[in-house]
Amino acid sequence: MTDATVDPGAVRAARADALQKGLKRRYAREARFRTYGLLAIAVALGFLVLLLGRIIEQGHTAFYANQITVPVYMDPARIDRDYPQGTNFQLMVAQQRLAAMGVTDDAQGTQANAYRTLLSSELKFRAAQLVREDPSVIGQTVQITAPVSDDADLYLKGKIKRSEPAELRRISDQQMDWLDALKRDGTVTTGFNSLLFTQGDSTEPELAGVLGAVVGSALMLLVTALIAIPLGVGAAVYLEEFARKGRITDLIEVNINNLAAVPSIVYGLLGLALFINVAHLPRSSPLVGGLVLALMALPTIIIATRSSLKAVPPSIREAALAMGASKTQTVFHHVLPLAMPGVMTGTIISMAHALGETAPLLLIGMVSFVPGIPGAITEPAGALPSLVYIWENASELAFHERTAAAILVLLAFMIVMNAAAILLRRRFERRW
Amino acid sequence: MKLPFFRSPDGREGGTTAEPTADANRRDETVLPQGEAASEESFTPTVTAPKAPVGPTKIAARDISVFYGEKQALHGISLDIPDKTVTAFIGPSGCGKSTFLRCINRMNDTIQGAKVTGQILMDGQDVNARSVDPVLLRAQVGMVFQKPNPFPKTIYENVAYGPRIHGLTNSKAEMDGIVEASLKRAGLWDEVADRLHTAGTGLSGGQQQRLVIARAIAVNPEVILMDEPCSALDPIATAKIEELIDELRERYCIVIVTHSMAQAARVSQRTAFFHLGRLVEHGDTEEIFTNPRERRTLDYITGRFG
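Chains as they are written, first to last, in this note's numbering: chain F, 23 to 454; chain V, 657 to 962.
You may find that some hints are simply not true.
[Claimed, not checked] Selected chain F positions facing chain V (Cβ under 8 Å, derived; list incomplete):
{"id": "1", "residue": "Arg266"}
{"id": "2", "residue": "Ser337"}
{"id": "3", "residue": "Ala341"}
{"id": "4", "residue": "Ala347"}
{"id": "5", "residue": "Gln351"}
What the hints contain is simulated information worked out from the structure, not anything from laboratory work.
Remember, it's a predicted structure, so these values are computed and weren't measured experimentally.
Every residue gets a Cβ at the ideal spot worked out from N, C-alpha and C, and that includes glycine.
I would like the entire structure built from these sequences, with the hints used as guidance.
Written out as structure tokens, the structure reads:
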């Protein structure tokens, strides 16, 4: 009974104290960890806001444009009835405007030329179109609306300032005065830049649009999806559910995992060698682009599908097999539908990845200037990421805001695509 | 109070009451002198299963051995399973009773590396024969698993699945009839009649298990295999399933694997005791529980090991 000398109360107090200290440390650690987490999220959100904010700040001006509505006297002396597009309508309009203002030009027509550069070539196309449609307009005065030139547009949007040194800016004080006057009297108005969404690429910024690239990207993704999804899901189902596990399946699995990590430019080279040089498929076409992106997307889809098939509880397989369902029925009636949400997630990720991919497109000629809108998968086309690349490298200042706008369109495309896929996935999840 | 002396080797409590004639020497004997068990009757669950005439042999297993790769899981099992009777397989975990059960509907085929030797004759026909399609065999031999595993579809679709894949019906009305009859026979109809088109996974555990039984009997099988069907259920749900098993006995040959000695005693007419991959003893349930021939059987059913 020597233990009796130790006071049980004191022992209990010491124990409680030790526990208390330990507890404090534990809570402190927990609080620290939470703080790190919040910090990480805050930093990530900060960067996202910075990125998006910068793009929106740069790009939002591209969504509206200034256009001029002028009365044009269709001078019979200058318009060739059979070849209206041969007429320099811009110069004609400039001279008429200057005459109306009572300005006398010099022999070289310096003033008229300066005025002419404020108008875009779209004015000429529209005027020529009017003449072609109805030759009787010749000799009459018609109202024509057309975008102003890119530099004039930039000045009106405040991107070229009067305070800049005159020799560094592309618009003279004289032109600025004219524009200010036009803006004041309502001849130049600001409106939604519909050309951005209805036109293909163009060398003139005010006429360049993203539609060609959007259609090109859509056609390319269609090819990718049609090839990569059935092939990838099929391969994954076979490997996971039917193939006998052995050395060969192990080898295939290792290879698929490695292929998922191969840089995309290598796929571009493969596509160039295989689809263009050997198979002679049309260069720069969404068909070849889609094929290359499908090759790239396959490993991701296979890996995602396999892991979601693995996650289906074996009890469902047993239940179906014990009911007398064949292996194929088991897989297609029960296992695959249950794995579908996971399959869709993998597919969404790989498709979004494919949409933004630029490097392989460099090699198969999709980063070239393609005006117009592709009508088929075999026609030359651009893609949104390559359009961003082209516009960013363009020398005209007006392309810079359009680059940011194209990025926004690309993001919107991706959001729409992902939202559609997520809605589809929800339907699969709910389907009983 | 219980003394450590009366504990079984693995530390579990031996019985619910004191052991009157505990004699350590006797444990070494394997074969019990007849009548010896009577003195230990107090530990064994009382056999309350309805006595019923044991039907003719439905399944005859001859020298069944199962190998999982190098490992032999079953050693030469020979056993007759009668029709219109509940046969219980008892034995400690890993003794091979589930493996043997899965031989009957060839579910072992689905495990890579599993090899089955020997013969299982169902109505005289070897189920492992090349001419027997496992898909058709499984239409004749239904199976219910340990964990209720309804398909994540509606209650209706769960029951209709079997008849549909086997092409047993020609019309919607016929299918409705089968679904209703199966659910009624599984004792679930009254509970789900008004929500046939809601998810089967939304039912309670016991209801799910009865749904699974309804799904199994919808294809009108001859044999129903049950692999510990009540181990995930509470006592009330268990009682319902056991009642159902007893009703189903009149139409089907039922084989049930159970870890509960009491359950075997409550529902089965025949019992087979497996240990370490071997069939130790089999016979009428009453016989096994009151007068086992083997020492190991007695030890197991009285709860001395397992």
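Interface hint compliance - alanine 341 of chain F to chain V, C-beta minimum distance less than 8 Å:
This interface hint holds because 4 Å falls under the 8 Å limit.
Hey, does the arginine 266 of chain F contact hint survive, CB to chain V under 8 Å?
holds (7 Å)
Take the shortest C-beta to C-beta distance between glutamine 351 of chain F and chain V; is it under 8 Å?
holds (6 Å)
Alanine 347 of chain F as an interface hint toward chain V, with CB separation required under 8 Å
With Cβ-Cβ at 5 Å, under 8 Å, it holds.
Have a go at the serine 337 of chain F hint: is there a Cβ in chain V nearer than 8 Å to its own Cβ?
Holds, about 4 Å.
Violated hints: none; the structure is consistent with every hint.
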